[in-house]
Amino acid sequence: MTAGSQTTDDTTPLLQVDDLAVHFHINRGLFRSNDVVRAVDGVSFTLNRSETLGIVGESGCGKSTLGRAVLQLLKPSQGSVVWLGQDLTKADTETMRRLRKDLQIIFQDPLASLDPRMTIGDIIDEPLMTHFPELSRSERRERVRSIMDRVGLREQMINRYPHEFSGGQAQRIGIARAMILSPQLIVCDEPVSALDVSIQAQIVNLLTHLQREFALSLVFISHDLSVVRHISHRIAVMYLGKLVEIADRNALFAKQHHPYTKALISAVPVPDPRVERSRQRVVLVGDLPSPIDPPSGCRFRTRCPIAQAPEIQKVCATAEPPLTEVAPGHRAACHFWQQA
Amino acid sequence: MTADSLSAPAAAPVRGRSLWDDALRRLLRNRAAVTAAVTLLMLAAVCLIGPLLSPHAIDQVYWDRLSLDAAAPSWDHWFGNDANGRDLMVRVFYGGQISLMVGLTATFVALIIGVTWGATAGFMGGQVDNIMMRIVDVMYSLPFMFFVILLMVFFGRNIFLIFVAIGAVEWLDMARIVRGQTLSLKRREFIEAARAAGVGTATIIRRHILPNTLGPVVVYTTLAVPKVILLESFISFLGLGVQEPLTSWGVLISEGAKEMETAPWMLIWPAIFLAISLFCLNFVGDGVRDALDPRDR
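Order-wise, the sequence lines are chains A and B.
Position one of the first sequence corresponds to residue 1 (our numbering), numbered consecutively onward.
Position one of the second sequence corresponds to residue 1001 (our numbering), numbered consecutively onward.
Treat the hints loosely; a few may be bogus.
Computed beta-carbon distance windows for the label pairs [claimed, not checked]:
#1 Arg-1025/B / His-223/A: 58 to 64 Å
#2 His-223/A / Ser-1018/B: 35 to 41 Å
#3 Leu-1223/B / Ser-296/A: 26 to 32 Å
#4 Glu-164/A / Pro-1143/B: 48 to 54 Å
#5 Ile-312/A / Arg-1206/B: 57 to 63 Å
#6 Ala-267/A / Leu-1223/B: 45 to 51 Å
#7 Thr-93/A / Thr-1105/B: 34 to 40 Å
#8 Leu-1041/B / Gln-86/A: 34 to 40 Å
#9 Asp-196/A / Arg-1134/B: 45 to 51 Å
#10 Ile-1112/B / Ser-193/A: 38 to 44 Å
#11 Ile-1112/B / His-223/A: 45 to 51 Å
It is worth saying that the hints were derived from the structure and are not from the lab.
Since this is a predicted model, take the numbers as computed values, not measurements.
No residue lacks a Cβ here, since even glycine has one placed at the ideal position from N, Cα and C.
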């Protein structure tokens, strides 16, 4: 199975997300308030072929919404998602349906993402049946078997139902379903958060191998920095619907230019007890502000260790920091990134 | 099954099965359900064939047995005779034909319309849902008898109008039940997974929503059949449904209830037939529901 038609050369990005926003309007009861949840608010990034982009951030920062908006499972409110030169936000239903062959998703809760009344064979077969209805049943079965084998599921399981599987096995089924069409991009929406640590490692390794073998591009969404560090080539950090920093993995772990990233990375435990003991932690105070009414200017200023000084606070409260290039390929959204 | 399994003697490839294959297998293993289904089929066969074998006609009046004292079950008339001196056995069999036909057909019609309507409304949501469910509300608020009388006036008296009338009322409940189920299902991740795979809306409803609503639907269906049979007898009682000399179980029971003290057989025989078929239907319904739930094997 070869990847679909590739007209672009390897230098142009596979996926280009520009100023993407997803706003949810909430109508509360009789007196309709015009509250808008800005779950994702102007996010831009690019993704190259066979690259893994990790997206990290705390709960409620819009990571999953971003992933779904990229795949057009949620309608973006503004911005564009350009896939191989085609803007997905403007694609009609039929075009989008055809493009889905190359754009797949793996879900956080592996069991909930499998129809309890379908056998594993039918679940994995579904994308194949949808996009290649001309294949005969036995040809499809053959492909299902080979992908099951590839993700580490035994062929005898083909007639079992989802409830008979453990979380790790169920996630392998989810991966097999996403992989069966040989897509070019898979959005992994916290694929290991619901799993045991030992199983997490297996699934992450499986994804890494598949990524190399099939030259996949992955958008790997997680709140677990150690997992993201392991699998990603580049890492984007989100805070309250916006990207605050994006850089190559090693560059980001070597030097952080945004105080939020700094706090996140300082919270990752180090497996060496001596280093761990001397580790300096940046502890953030307070909770994530509401995405209905985000702070003016820099959204992070309410919890930022730098912005506590009054004269700095004034700058942060008025102007929203743009995502500026602080080093080649390393961008951060902070007025005072030199101090961070 | 074919060359596929013959070519690999070492490890025969596992043949793929679907939910329906599995469900049939599980249903056949359920002894209560199979017994009930066989009983039901036999009952239907007796109702169909019985009148052909009986020497009595449905409308033949036996003058010598006209008084209820002389109408008790006897060698000539196994079930006895009714208040008009007609053979009760033949009447029960004929009544069975009508009742089973009304019960099953009207329920089936209600099932098809209700499930489709409810699933579509629930899945589409928004304005579509609003309009579709308001139509259901409007139909709910129409008095049932008014509706039946209107149909009779316009189209004349006809057994098929009973199906239409009952079906047109019964599907409303079904639509509401299925809509509720669909609303809770459509936010589940496996539906999103299907959408991400590029599956169309109609296929998602058919392949993912409907099979997952089957539990409550089957239970409601088994409850609807007796309701429909009794509804038919109510219409007939008012003189709008089945007309003499034809009859139905519901009519026979209501006639029998009037003579309960003097001629109990007039109540007992049709009641036994109705009770057995409803009993069997419940077992079959439970069996189908269990068979369709893969978690329950």
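Task: Earlier hints that do not hold, by number - done: Those not satisfied are hints 1, 3, 6 and 8.
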